[in-house]
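Student: The sequence shown begins at 1 in full-length UniProt numbering and counts up one residue at a time.
Honestly, the hints are just simulated from the structure, not real lab data. Glycine included, C-beta positions come from ideal geometry on N, C-alpha and C. Be aware that one or more of the hints could be misleading.
As the list claims (entries may be wrong) - Once the Cα atoms are required to be at most 25 Å apart in a straight line, the calculated DMTMM-like pairs of lysine to aspartate or glutamate come out as:
1. K95 / E134
2. K241 / D224
3. K214 / E187
4. K131 / D200
5. K131 / D101
6. K33 / E236
7. K172 / D85
8. K162 / D148
9. K44 / D174
10. K131 / E147
11. K33 / D224
Said to hold, decoys possible - Derived Cβ-Cβ restraints for the label pairs, each shown as a range:
12. N245 / K162: 34 to 40 Å
13. A138 / E187: 21 to 27 Å
14. K33 / R240: 17 to 23 Å
15. E169 / G137: 33 to 39 Å
16. G21 / T104: 36 to 42 Å
17. G34 / E231: 30 to 36 Å
18. Q100 / R240: 42 to 48 Å
19. D85 / G253: 39 to 45 Å
20. G21 / G130: 41 to 47 Å
21. T77 / G116: 26 to 32 Å
22. T255 / T77: 19 to 25 Å
23. T255 / G137: 15 to 21 Å
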Amino acid sequence: MEKETSVRLVRNATLKIRYAGHTVLIDPFFADKGTIQSALGVNKSPRVHLTMPIDEITEGVDMVLQTHIHPDHYDATVKEHLPKDIPYYTQPQDKETVEQDGFTQVKPIEDMTVSGNMTIHRVSGHHGFGKIGEMMGAVSGYVLTAEDCPTIYIMGDCKWEKCIAETVERFKPDYIVVNSGGAIFPEFSKVDGSIIPDEDEVMRMLDELPTNVKLIAVHMDAIDHCQTTREILRNEARHRKIDMNRLIIPEDGETVDL
């Protein structure tokens, strides 16, 4: 089995992960800069260009793993750039939509699935609370496990709460990929808060997690309703005197070797 394990941030929440001999694409979002409607009515999404050609992103990918299908995680161009017969893993709620886009090997994960030496466990969470949480709909995270590989928990657009802490206790991940953009919808977030973790929530995670767990913070600087930027997150971490070996904040295109 190939032992190389790495996470490459493409942009926003799109990741290219080398794990247990697989190359897994997470939440493909290929749209050109400024081609998707703004969430806040300020800047069209995405706010930044891809830092690499799309064929470089898709090269070698042997499966896709989709946390949910909001347009900043799965845009209309995805079906143009991936082979229609690629194994495409989704939460059950998204199977039909992905199939309608022409993908023929859509594999909804109820609880877990095995591919070669890798096991993928699906875990549910909440994409915000209150009224906006209901509007956001179903969202999943995935835990990747394999012998002789670090355990990686991809939280997806889930908030930090008791059920997520229980997932950490169950699987004991070495790394957690956390979507740290602090996305808001002002008319709802004044009451119910952000719909993904913001800088304060990430700090709380670091306080409550075992000290051996490392966070990889993504989903920043690409969508206009994400209020937490990389610099804001770094600033908060410096202020709280966080050990930056525990908080990895990659740039677009950067590969983190695990």
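Student: If a hint holds in the structure, say so; if it does not, say that too.
Tutor: Hints and how they fare:
no.	hint	verdict
1	K95 / E134	holds (20 Å)
2	K241 / D224	violated (28 Å)
3	K214 / E187	violated (33 Å)
4	K131 / D200	holds (22 Å)
5	K131 / D101	violated (30 Å)
6	K33 / E236	violated (28 Å)
7	K172 / D85	violated (33 Å)
8	K162 / D148	violated (29 Å)
9	K44 / D174	violated (36 Å)
10	K131 / E147	violated (41 Å)
11	K33 / D224	holds (12 Å)
12	N245 / K162: 34 to 40 Å	violated (27 Å)
13	A138 / E187: 21 to 27 Å	holds (22 Å)
14	K33 / R240: 17 to 23 Å	violated (33 Å)
15	E169 / G137: 33 to 39 Å	violated (26 Å)
16	G21 / T104: 36 to 42 Å	violated (23 Å)
17	G34 / E231: 30 to 36 Å	violated (22 Å)
18	Q100 / R240: 42 to 48 Å	holds (45 Å)
19	D85 / G253: 39 to 45 Å	violated (28 Å)
20	G21 / G130: 41 to 47 Å	holds (42 Å)
21	T77 / G116: 26 to 32 Å	holds (29 Å)
22	T255 / T77: 19 to 25 Å	holds (23 Å)
23	T255 / G137: 15 to 21 Å	violated (32 Å)
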